[in-house]
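Once you've looked at the hints, dock chains P, L and C against the given chain R.
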Amino acid sequence: MELPYVVVIILFYLGIYTIIMNKNLIKIVVGVNIVESSLILLLILISFKLGGTAPILDRKYELVVDPIPQALALTAIVIGGSLIAVMLALVIKIYKRYGTLNVDEIRKLRG
Amino acid sequence: MSRVHKIFRKFYKIGLVLFLAIFLLFIFDEIQNLDIKRYLSEHYISEGVQETGAINLVTSVLYDYRGFDTLGEATVILTAAATLSFMTPIKKVKMLGTEFTIIIYQTIIIIIPFLVVLGMNLIFFGHISPGGGFVGGVILAMIPILVTINYGITFSENKLKPNHKSLLEGIGAIGFILLGLLGIFAGSNFLASGQANFGLGNPGELISAGLIPYLNLMIGIKVGAGLAAIFNSLIKEG
Amino acid sequence: MITPGFLYLAGALFLFLAINNKIKYIISFLITTGALIITFYLTPGYSLEINFLNYTLIPFRVDDISKLTGLIFTLSGLAAVFYSINISSRSNLQLIFLFIGSSLTVVFTGDLFILYIFWELMEISSSFLIITVSDLTKKTGYYFFLMQAVGGLSLLWGVFLNHSATGSLSLNAIEAGIPFFMIAVGIKLAFIGLHTWMPQTYSKVPFYVTVVLSIYTTKVGVYVMYRLLSGINILAYAGLISALFGIVMALRQNQVRKLLSYSIITQVGYMIIGISIGSAAGITGAFFHLINHILYKTVLFMVAGVVIYTTGKENLEDLGILGSKLPITSLATLVAFMAISGVPFFNGYMSKTIIKEALQEPVLIWGLNLMSFGTSLMFLKFIYYAFFQNSNINLNRKPTISMQLGLGFLTIIMLLIGINPFLLENLTNIDVDINYFDIKLMLSGIQPFLWSVIVFILLKKYLVKEYRRFIYYDIYREMAKIFVKIGYKLSIYHNGKLSKYLLWATTTLIILLSLLI
Amino acid sequence: MESAVWIILLPLLTAFFLGIFKLYSDKLFYSLVIVSMVIYLYLLILVINDSYPPKVYSIGNWGLLGINLMVDSFSAMFLLIIAILFITVIIFSLNYIKVNKHKFIILTYVMIAGIAGMVLTADLFNLYVFLEVSSMSSYALTAIKKTDKSIESSFKYLIMSTFGSFFILLATILTYYLTGTLNMAEISLEFKSVPFMIKSTIMFFFIFGYGIKIGLVPLHAWMPDSYEASPIPYNVLSSGLVMKSAIYALIRLLYVIFGVEFLTESGILNIGVFWGVLTFIIAHTLAYQQSNLNRLLGYSSIAQIGYITIGLFLGNEKGLIGGSFHILNHGIMKGTLFLVLGIFYYSLKADEIEDIQGLGYKFPVLSFTFVVAALAIVGLPPFNGFISKWLIIEAAIEAGFFYAAFFILVGTFLSLTYYLKVIIKLYTKTEKKTLIEKPDLSLKLPTFFLGSLCILFGIVPSLPLSLINNIPKFLLNNSEYIRILLGG
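Protein chains in written order, with UniProt numbering: chain R, 1 to 111; chain P, 1 to 238; chain L, 1 to 517; chain C, 1 to 488.
Looking at chain R on its own, in the form it has when it is part of the complex (with noise of 0.2 Å):
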């Protein structure tokens, strides 16, 4: 069981946990950040062989690493920040209108 995969699982719900566990929304929004990061950590660990180079192919290489998954990182990694900044900036909407960041005080939506 290599270690690479054990700490993406460790990412993985250390980042649900913080989103689930914390009443502050600043941390919410990082709770997301780091699952986001360990499912591209995920992803760059499916594309990597041992010995193997970048696939950038100036020259001919025996071993090349596998190039799809790094695009789809690239996919990810681009969608997971754009998310994250509107999210951040409903956070600030949030602040400016509710006066707190606490979770369970916006509650203007309820039954």
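One thing to keep in mind: the hints can contain errors.
Unchecked claim - Sample of chain C residues facing chain L (criterion: CB under 8 Å; computed from the structure):
#1 P195
#2 S200
#3 T201
#4 Y288
#5 L375
#6 T428
Read the hints as simulated data drawn from the structure, not as lab findings. Just so you know, even glycine gets a beta-carbon here, dropped at the ideal spot from N, CA and C.
For chains P, L and C alone, kept in the frame of chain R given last:
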């Protein structure tokens, strides 16, 4: 809520997450000892360079084999920028003034031209060396961000007006799609640079790999303008 | 060949063009009389086929019983529309036409799918009629629609069960889903326990709407019971109990229309007994009783309507107006009273004797006598208030001609059937070999009436007194309260905390994954 | 056959051009909106017509190496809903929306492109990307009114739905790791050799991720908030398209990649049906408690999604037909209800149940359309809701789920309780109300169009059913779908 209830809730959550983690551990453990097949990536690695002309396989996957994903992703950035632009207050909000020392001012003025060169290099050589539209775009976006931090938002706003930023963003996105449509006009399907053999040239040279460098450029402009707009709106929010 | 049901539905659409009253009169007159003529010339055995949603459906099929019911429906429809023509607004009239049209289509349908569709259409149109007709009937309309919806849905569930058992939707292949058909018919018939909607609705709704509703709702229930559940003997005893319950409740009422609606439950008891014996005589007796019942019950409701229209009051004490000031209506009341208590030479007697002859079990015969004794006792109270009570109520407005006409039209038909009981037989080719005029039958017919007169005179002071409103325990309202309470608790649980929602999400993930192991 | 790509490209291109035109001239902006709408309608009809033998369109002409788009009857039916709802919403919102009107139209175009992408793509990661595109634009559209409630509901929607898309991304990565490809056809061939335990975990991750976006009961909490706080034209699209594209993507994944045999063997069909029943019972009970009309319709959407889940998770041919027909019907019915409420809000700022008292007499034809749509959504006979419910119940009985079929009828009764409450409030007389703004034709026409569709599909269901009837051919036995996708 009574204290006991709080503690119970806390342990319940920890228990939940632990159970999930252990469960995924078993799954990953079982996945390890499976023989995994990678024939699609073998194909990319073996014929990737001949088919797309780009040496950097990741860029060839990103812009040619799976160009549609990149289009989708570019739309995500555009939506994020649009969301943030209507989120910001209309009236000018003074950014909290950060008085940097003189050293910072001077260094920023000096390194901005190098940043431009580095960004452009990453974009244009995207299909040869590691890099590409996204990385180049981020570095280009750093320039207006540094200016904003350094000279405050009002100065950077009139240097590069928000309308210009969204204009640039629009041009980048439309350029990407029009280049894709070139594939259709040339007879084969949308975003077909490798298949429609747009002058693949011999790999390794600057002008090679069909449409990929131009797609790289478009994405570079788009990401640069997009991230600068996002940063400015977040700063104005404050 | 346009069927009477579709004619009425088309009529409802034409009424959109009725800008002023004159066109309204013409259209409704044309539609009602046209429907009557068409049903009269229908030849049994004719049927229409369409295919819809890969089923072959029979929206229109005529046989003797359905022709008979169709005739009485169009006839009483003519009278009811005539009665209420200048009181009801255009949209109410449209809803009435929709209601009559859908009940006629239910009568003439050949398969369960169309039966269900038009059963629901009947429900929707009658509920909207109740809701939009006046401001006080919102709550009753809500209760009525929900109660009828339960009936409709149990019918649908029965149809599904039957469809999955027999694979066909036709009416004569009924094997599964009997209990659900019973519930659906029970609600429509206002069977005991499921009857709570009827007295409440019939007493609160304006009088001309009650007249229309009373003609069709329960009678379609009887017809559908014949189509789906004829021949189940247990139901005969259930019908008896429901009828006796109707009598006991009717005697305790002090509102005219409540008394009349409980008497509907009793009269429907006769029809249930007739149908559930299952013999041909029983069924013909039941359907003849249906016709007679429509005639005299509508007349009684129309009389109550006239009283309400003229004096604006509807308690039993205010019936005195009849004796003193309204000659024609009081004549009609007398004829209807004689008919309902089964006095010979009036139409009630004819159908009651057919059912009595068709019965074998002694308990049922005794029950039947008890029922007619109770009905005549009930209506003696009605007559006592109408004629023997001196009342000082004055008339604020005269009943309109159309009301008198509708009333008189039905009374004449009643008298016709009373005098010549064989009229109904030769109209439709059903033959009943009973000689109505031999002494033994006449005697057994008159006996319960005489007994009721004697009992009434003896126990007058018990029967004729003001009953204060007793506590009216309605289990359906209790169930509704429980449902609302649960819903309230649930919605309080959604208190908007994001952490709570996320916790629910993770717990569902855990439950999902644990299903794996 | 490249019109399949144009269905995704045209809205994107229009959105980008609108982004630029917004800066310069309004007249140009609206003319482009109208022109692109007309072309888009024509394109959609073109694709829907020749969708019977499913066609594959590979992006970049790479065949199985790149991303493929696939148009079969299931996606054609969904394009039909997009055609109907998108056109009406754009016409409606042209003068309904006052705040941020340009941004609203741009973001709606982007969302439509995202949903069209999700519907057409036959590639797993591309499905995730377009899911993110459509979700991102729906977060923005929820927050566009910039009131306290809309910011809060948009944030909750964002967090919950990101929480879901983590698991979708995790499942996509694991599928790639196990099979080495991202094309749905090849994945389902490779998946035959994967052990049962892992395969069902991935399936459960997909179901959980999409479950949050669909709004099945325990995961639904964000949805009524987003209905209450977002602009009404967006509500029409959200209940008609966003929720539906999530369940469409889930069904496409389950039936194509995992195949019906695996679904029945792993028992997910029973779980799905039970979950559907649970959803609509709780949603109906909650809907009764609401006083805000949008929240009430939000809960009713969750309930209707429960019926659709039952229909689609039965695993037999009739169930699929009934489920997809209910997707179409629910989009139309809920669209009519929301548009009528929109007009009430536009003219009287009425969004609580008390506010619409007596409007039955002030807007007679509009309230008639509302009553028709309400009776249709409850499932009463002459309208289209009844036909699709009839098909679902029949399929449920055929598949042996008697309890589910029975509870659908109980659900019909429960939904009648609260819709009748609203209808009665509509027709109780009250004192004169002053009209803030007179709703003009461009608001009323789309409502009447959708309302008449409710009746039309009820009386002549063979019209849409001719398209929907050949859906199961390519979903139930996915070998046909795979053969075509592999370039057969």
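**Request:** Could you tell me which of the hints above the structure violates, numbers in ascending order?
**Result:** 1
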